[in-house]
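Asker: Take a look at the letters that make up each chain.
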Amino acid sequence: MKKFSKFLVLGIFVVSLFSSCAKQPTQAIDAAKAAIEAAQKEGATVYAADELKKLKDDLQAAMDEVSTQGKKFFKKFGTAKEMLTKVQTDADALKATIPAKIEAAKNAALQAQTDAKTALDEAKALLEKAPMGKGTKADIMAMKADLAGLETSFAEIQTAIDGADYFGASAKAATIKEKATVISDQVKAAIEKVTGKK
Amino acid sequence: MKTALPVLALFLCVFCASTCQSPPVPPEVEKAKAQENDIWRAGAPIYAADEYARYLETLRLAKEKLIKQNVRLRWFRDYKEVRADYIVILAQGDSLIKKVQAEKSSQSKDYSQRLGRFEERMGKIKALTQLMNEHAPVRENLARAEVVSREAQILIRNEKYTELASKLDLIEGHIRQAEEALFSILARYADDAQVARWRKLAEDTVSESRRRGTTAVLVNKLARTLTLFKKGKEIDVYEIGLGKYGLSDKLYAGDEATPEGRYKIVKKNAQSRFYKALLLDYPNEYDRRQFALAKKKGLISAQAAIGGLIEIHGGGNDSLTNGCVGVQDSVMDRIFLEVSVGTVVTIIGSLESADKFLAGIKVSGS
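In order, the protein sequences belong to chains A and B.
When you number the first sequence by my numbering, it's gap-free, plus one each residue, and the end is 198.
When you number the second sequence by my numbering, it's gap-free, plus one each residue, and the end is 1366.
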């Protein structure tokens, strides 16, 4: 009887030991989720979509592990905790890279804006000195109107930059630069037409 | 003996546990994981949101079953049902990817067609601006539309269809503004009563040439032609060039418009700065009355002066005049020989209504 009581006490101790380890890692779950949300808020959805998706998948895998362990009699959340900690660490690391990515996109947009302005200015300068003689006046007038349209569109680049739409701003700037270059080439052709130079 | 039995049982259990291998997790589970990533990457959350949600729900349920099996002691695990579920999920995933691709392909086709129609419309308007020498604000709006159109092309190439709808709306807005500006200029040309008056003027000129056996000149501004008549018979048709606002009827000095009406050649200038020139008697009595009326109504500035020095001259038809009619030097040589002081020169807007022509732009773009 005495022996049985000893075993019983030992059994209760072991069960309580296991059950004390059986708590779900809610804190780690919350921390991992919060870290992902923070990365998202920083701009990961736009600037690191693939990495963000991987993080979400990793979180899901960790949650699956939590769920698996939660259903076991002898619960071991060690692996799940490790997975969650990794998700949190990765999310924090991803978040830390976002400002640099945004900065790079912004710089690219600003550079594209400068390039577009240079192309517009060049076209404008060429148009100013283009000979408005017979045979070219109509073309020059048309190109001036086209350039005026491009200048109006150019203002929209700044609006996009101000709205943090750096990819949109870059695309618009590249297009304006392309169109302005076409005008410059046309003016040069018109000048050649008048001067007879090839 | 009493203690030997539990020890034997424990030994058997340990032996079973170490030798009985649990069945492997079906390979479809890993495949489904990779497939889910492909589906996301393909854009299912955007292009097939409902189906994607259903797919995720099925996946979740299958995963729950998988977890249930994983939780069991290894020799009680049975993945048959799980495998069956995952096979269904893989098939569902395949069809979802196909659906996403089909949707993207359909959107690409749809947007490309719409963009193509816009570009066709822009091309027609641009051609008109070149024909009419009409630039701002038509060309300005066209240039803006072209910028957005190029952005839209890039978006289609990069399969970013979600941003396209707003871009196409923008293009349409710019085109509409260009069209409105164009239609306001061409409105007179679509006015049947006005076109009838021009026709009458042209018929009278030809009849008079036939009746009196004289030479007459008919200038058609919209068609950009100069027709030479002799004794009412058409001798030749030449291409002409007009000014920036050549399609408008001249009202005052500096409006760069070309007058409409019946005029006469008052001087033949063989030493013109534009090769050779035929000076017309613009403004005639009717023009003076119109000018006075416009001033009285406040349609033009009180300081405005009535214009003059309207000529048919050489220098080329690909130029911009200030209201004169420009022709090639070789054409000028021919006309110069055929006409004399007093020859009637009738300038009209058009012999045909521009209605169909304007409708053509709208229909093709709508």
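Take the hints with a grain of salt, since some may be wrong.
Just so you have them, the derived chain A footprint on chain B, three or more residues with Cβ under 8 Å [to be verified]:
id: 1; segment: 1066-1076
id: 2; segment: 1140-1153
A short, non-exhaustive set of chain A residues, derived as facing chain B with CB atoms under 7 Å [said to hold, decoys possible]:
id: 3; residue: Thr45
id: 4; residue: Ala49
id: 5; residue: Lys53
id: 6; residue: Ser67
id: 7; residue: Thr68
id: 8; residue: Lys71
id: 9; residue: Lys72
id: 10; residue: Gly149
id: 11; residue: Leu150
id: 12; residue: Thr152
id: 13; residue: Ala171
id: 14; residue: Thr175
id: 15; residue: Ile176
Honestly, the hints are just simulated from the structure, not real lab data.
Bear in mind that the values here come from a model prediction, so they are computed numbers and not experimental data.
Each residue gets a CB set at the ideal place from its N, CA and C atoms; glycine is no exception.
Asker: Now, for every hint given, state plainly whether the structure supports it.
Answerer: Now for the hints, and whether the structure bears them out:
{"no.": "1", "hint": "1066-1076", "in the structure": "holds (count 4)"}
{"no.": "2", "hint": "1140-1153", "in the structure": "holds (count 10)"}
{"no.": "3", "hint": "Thr45", "in the structure": "12 Å, violated"}
{"no.": "4", "hint": "Ala49", "in the structure": "9 Å, violated"}
{"no.": "5", "hint": "Lys53", "in the structure": "6 Å, holds"}
{"no.": "6", "hint": "Ser67", "in the structure": "5 Å, holds"}
{"no.": "7", "hint": "Thr68", "in the structure": "5 Å, holds"}
{"no.": "8", "hint": "Lys71", "in the structure": "4 Å, holds"}
{"no.": "9", "hint": "Lys72", "in the structure": "5 Å, holds"}
{"no.": "10", "hint": "Gly149", "in the structure": "3 Å, holds"}
{"no.": "11", "hint": "Leu150", "in the structure": "5 Å, holds"}
{"no.": "12", "hint": "Thr152", "in the structure": "6 Å, holds"}
{"no.": "13", "hint": "Ala171", "in the structure": "5 Å, holds"}
{"no.": "14", "hint": "Thr175", "in the structure": "4 Å, holds"}
{"no.": "15", "hint": "Ile176", "in the structure": "6 Å, holds"}
Going down the numbered hints, you'll see the structure goes against 3 and 4, while the others check out.
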